[in-house]
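Enquirer: The residues making up each chain are set out below.
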Amino acid sequence: MSSTTTSELPLQRERARTIFEKGAPGRRAFVCPERDVPQVSGEALPERFRRRDPPRLPEVSEPEIVRHYVGLSKRNFDLDSGFYPLGSCTMKHNPRLHERVAALPGHARLHPLQDPERAQGALELMWNLQQALAEISGLPHVSLQPSAGSHGELAGVLLTRAYHEARGEHRHKVLAPDTSHGTNPATVTMAGLEVVKVATNPDGGVDLDDLRAKADADVACLMLTNPNTLGLFDPNIEEIAQIVHGVGATLYYDGANLNAVMGLSRPGDMGFDIVHFNLHKSFTQPHGGGGPGSGPIAVSDRIAPFLPRPLVARKDDGVFDLDFGRAGSESKSIGRLRGFQGNYGCFVRSYAYICSLGGDGLRDASEAAVLNANYLLARLQEQDIGEYLPLAYGELCLHEFVLSGGPMKKQLGIKTLDLAKRLLDFGFHPPTVYFPLLVEEALMVEPTETETRETLDAFAAAIAEILREAADEGPEIAQNAPYTTPVRRLDEVGAAKNPVIRQAF
Amino acid sequence: MSRYTSITPADLDAMLETIGVPSIEALFERQIPEGVRLRRPLELPDGRPEQDVFAHLRELARKNVSAEDELSFLGAGMYDHYVPALIDMLMERSEFLTPYTPYQPEISQGGLQVMFEYQTAISELTALGVANASVYEGPSAVAAAGYLAKLHNGGRRFVVSAGLHPHSIETLRTQAHGYGMEVVEVPLREGVTDPDAWAAAIDGECSAAIFAQPNFYGAVEDAAALSGAAKDAGDPVVIAQVDPITLGILAPPGECGVDVAVGEGQPLGNRLDFGGPSFGFFAAREEYLRRMPGRIAGETTDVDGRRGFVLTLQTREQHIRREKATSNICTAQALNALGGVVYLTWLGRRGIVELGELLLARTHYARETLCALEGVEPLHTQPVIREFALRLDADVAEVKRRCAAQGVNPGVDLERITGREEDRGGLLVAITEQRSRADIDRLAEVLGAAVGAGERRSAGEPAVVA
Chain H
0 MSSTTTSELP LQRERARTIF EKGAPGRRAF VCPERDVPQV SGEALPERFR RRDPPRLPEV
60 SEPEIVRHYV GLSKRNFDLD SGFYPLGSCT MKHNPRLHER VAALPGHARL HPLQDPERAQ
120 GALELMWNLQ QALAEISGLP HVSLQPSAGS HGELAGVLLT RAYHEARGEH RHKVLAPDTS
180 HGTNPATVTM AGLEVVKVAT NPDGGVDLDD LRAKADADVA CLMLTNPNTL GLFDPNIEEI
240 AQIVHGVGAT LYYDGANLNA VMGLSRPGDM GFDIVHFNLH KSFTQPHGGG GPGSGPIAVS
300 DRIAPFLPRP LVARKDDGVF DLDFGRAGSE SKSIGRLRGF QGNYGCFVRS YAYICSLGGD
360 GLRDASEAAV LNANYLLARL QEQDIGEYLP LAYGELCLHE FVLSGGPMKK QLGIKTLDLA
420 KRLLDFGFHP PTVYFPLLVE EALMVEPTET ETRETLDAFA AAIAEILREA ADEGPEIAQN
480 APYTTPVRRL DEVGAAKNPV IRQAF
Chain V
0 MSRYTSITPA DLDAMLETIG VPSIEALFER QIPEGVRLRR PLELPDGRPE QDVFAHLREL
60 ARKNVSAEDE LSFLGAGMYD HYVPALIDML MERSEFLTPY TPYQPEISQG GLQVMFEYQT
120 AISELTALGV ANASVYEGPS AVAAAGYLAK LHNGGRRFVV SAGLHPHSIE TLRTQAHGYG
180 MEVVEVPLRE GVTDPDAWAA AIDGECSAAI FAQPNFYGAV EDAAALSGAA KDAGDPVVIA
240 QVDPITLGIL APPGECGVDV AVGEGQPLGN RLDFGGPSFG FFAAREEYLR RMPGRIAGET
300 TDVDGRRGFV LTLQTREQHI RREKATSNIC TAQALNALGG VVYLTWLGRR GIVELGELLL
360 ARTHYARETL CALEGVEPLH TQPVIREFAL RLDADVAEVK RRCAAQGVNP GVDLERITGR
420 EEDRGGLLVA ITEQRSRADI DRLAEVLGAA VGAGERRSAG EPAVVA
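Residue numbers (numbering that gives the first Met the number 0), protein chains in the order written: chain H, 0 to 504; chain V, 0 to 465.
Treat the hints with caution; some may be incorrect.
[Stated by the list, open to error] Taking lysine-lysine and the DSS-like style, the derived pairs with C-alpha atoms no more than 25 Å apart in a straight line are: (1) H:LYS213 - V:LYS323; (2) H:LYS314 - V:LYS323; (3) H:LYS213 - H:LYS196; (4) H:LYS21 - H:LYS73; (5) H:LYS172 - V:LYS323; (6) H:LYS331 - H:LYS314; (7) H:LYS196 - V:LYS62; (8) H:LYS172 - H:LYS331; (9) V:LYS323 - H:LYS496; (10) H:LYS172 - H:LYS213; (11) H:LYS172 - H:LYS196.
For the record, the hints were derived by calculation from the structure and aren't laboratory data.
All chains should be modelled from the sequences, with the hints used to inform the complete structure.
Expert: This is the structure:
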């Protein structure tokens, strides 16, 4: 690849213009339906409530809209176009069947306040999904309401809080490992509690001594990802659960990494009280460039009374209903986390996925994810790569692994960021970089089960080529990458210093 | 081999050899303690071929009565507006559907520019200086706005109008309880927020004053008066939950003294989907920019001077600031927000006004027509734009059943949603551009017969609260 050329590629020649800079006064796409009712008098909406100047929305024709947004789409990399080994994000294939079934009018045009007896299919689907998630997690009670993983975490911490409050205890600390996802500590603060970091031991697991020292009667819960963000299953999980439960606290499972263990090990059996799922990770709801997601939670018996409402219930006669838990009995529910019943469109897709795979298929998917990760890890630890990018912890991994770019930086003069940017020229989305924080120059790689061996080999070859290039031709190539993308490295510092976050007129 | 994987026996042998383990099982045996292994199959139905799964999901869809199957006047937060075909096409494009959050801006310019355009559109619509790239949906957007106020001024209580959507009030309460904030509800008078009670409830310790425009009962509030009274009585952040489709004709929050405007974006080009996914929008005066939750796209240049876009002000966010973040939000609703900005572009500067005028005219026609029926009266007589509340002199659930038998869903049983006794007999009727005059006349015919057919409402058993 003659990569350092400065001649512009076609996509680079196109100057970015927003839709607000296109069109002309009087152009339009929308044709308003006929006004088939009498004109209203001025009193219908008094002048003082009226908008004086219409919002300056674009004035463009339909063909212009299509050209514009299809043009923008070509300035995006996506999972359907190439390998996307973004650690902790589980970028597995998004089957198109799911889009087809979610678009069926019986699902897509169903109003959320339709009477339950006239929404039986939707409630049945939600019930079936709840049952499946309960079985997969080993925790019997499920609420589908949270809108994303972090929303599920908020539910989890509020549930923990409610559980302790109901016992007359006001515990204000939440423990989380220093390897945890940023959403964990952010959530704790939002729930009005205080986060206390637990150290990581030399093997990449929870430091048991530190945990024992910090686990006291003020601790409400421990938030853990298992396998953790290093891709390692904590071998001491049973002891961790004992320590946490021993001081009366609950154990929360961040389900971002569930794709490693479906059908192989269950959070409920590990001793967790609360787990959230990311339907947009393990259960292949497309990520949409930053959502929608869905973050259902499953909980143990002792947490169940506090679940958000409504829940889907099946009555004795087999009819499904929404249980608001208010009629007569005093509710312990933490209340709603959002409007209506959750991101049903995501439920449809993830339920279709579970139906397609079945129990054995889910286990096979996790096995293949772990096989692919270990294969790619082995390829990246081969000669000419491993010396620059050693595995940060352990020898094997589950569904993802974390390499350290420290030696690469020292010996070749290129940082993890440079490697990531150079990968863009090779047509790959880079791994997650600089996370977890405790690994120097971290690269977190999650290939998922849906990639072929050839793709994994090609990715390993690209990494090897970038390192060779840096060694033989100098670090500048990677340091100045990318070259072939619609724009090259962007000034993020300047963007934050003088924020321009909307089109000026 | 599982569905959507590609590992053949030959692949497997080669891969295991490269790894240096005898079997896949060995990978797990060496890493997961036996005590927490699941040594039985998951008790789930067997996997099925694609066409069987399609048939099953279609069968479930058929058990639902959707807006496709009946003449529906349901609203109360989500509305059966027409979704133009180009939105389906764009939202299904791989390049928008399948990427993650744009962490690598060089290969995500499309998605980032969409966010930037979306932020511009929301900022224009609300007449507020800044908007983020989306939050989950309406009610949780209200809670997110409350959290911004808490961070901003550390006050002790939220004062909310009873005209706020009940789901918004409940969501706000759920979260406010976590950080110890009191929530005080101000009642309505004649269908709108009682101005005296509103002013009396707000003092120097009020963190945020929150109302809806139009309110849950469809009534247009005097937003400027509510904002002004709030600022006179204390120094709260004034938050409005607004219905975006009305903003072509209704004075925008930014011109009514509102500090933060949030709302449910579903009316803008998103499907009903039984309640989600849609998107929440979040706009504010510029002074609140660094306290905003969620992703924000910003303009910048690349090393060659080309215009480009990045996620910006990330020092607010969880992945950088961890426990000090302004919010825990990570995945939001980017794809749905794309639908929103494409819809607003499709409507355009004139279309959003024309559509607003059409909704206003049809809604007034519908209110007049229905209120002329025996046993039907308005719950309030305030101005309305696309939704209005009636009081039926009959049992609402029974009326709804009779209407359903005629293929008409006349609206939302108010008491079921609010749980308020004063809402007994209340029916909330929503009008979209998909409901013509003929449809409204049909509703009048069916509703009139349904109300007249039954016994008059008695003060008997309360309705089941939902």
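Enquirer: Please list, smallest to largest, the hint numbers that this structure does not respect.
Expert: 2 and 7
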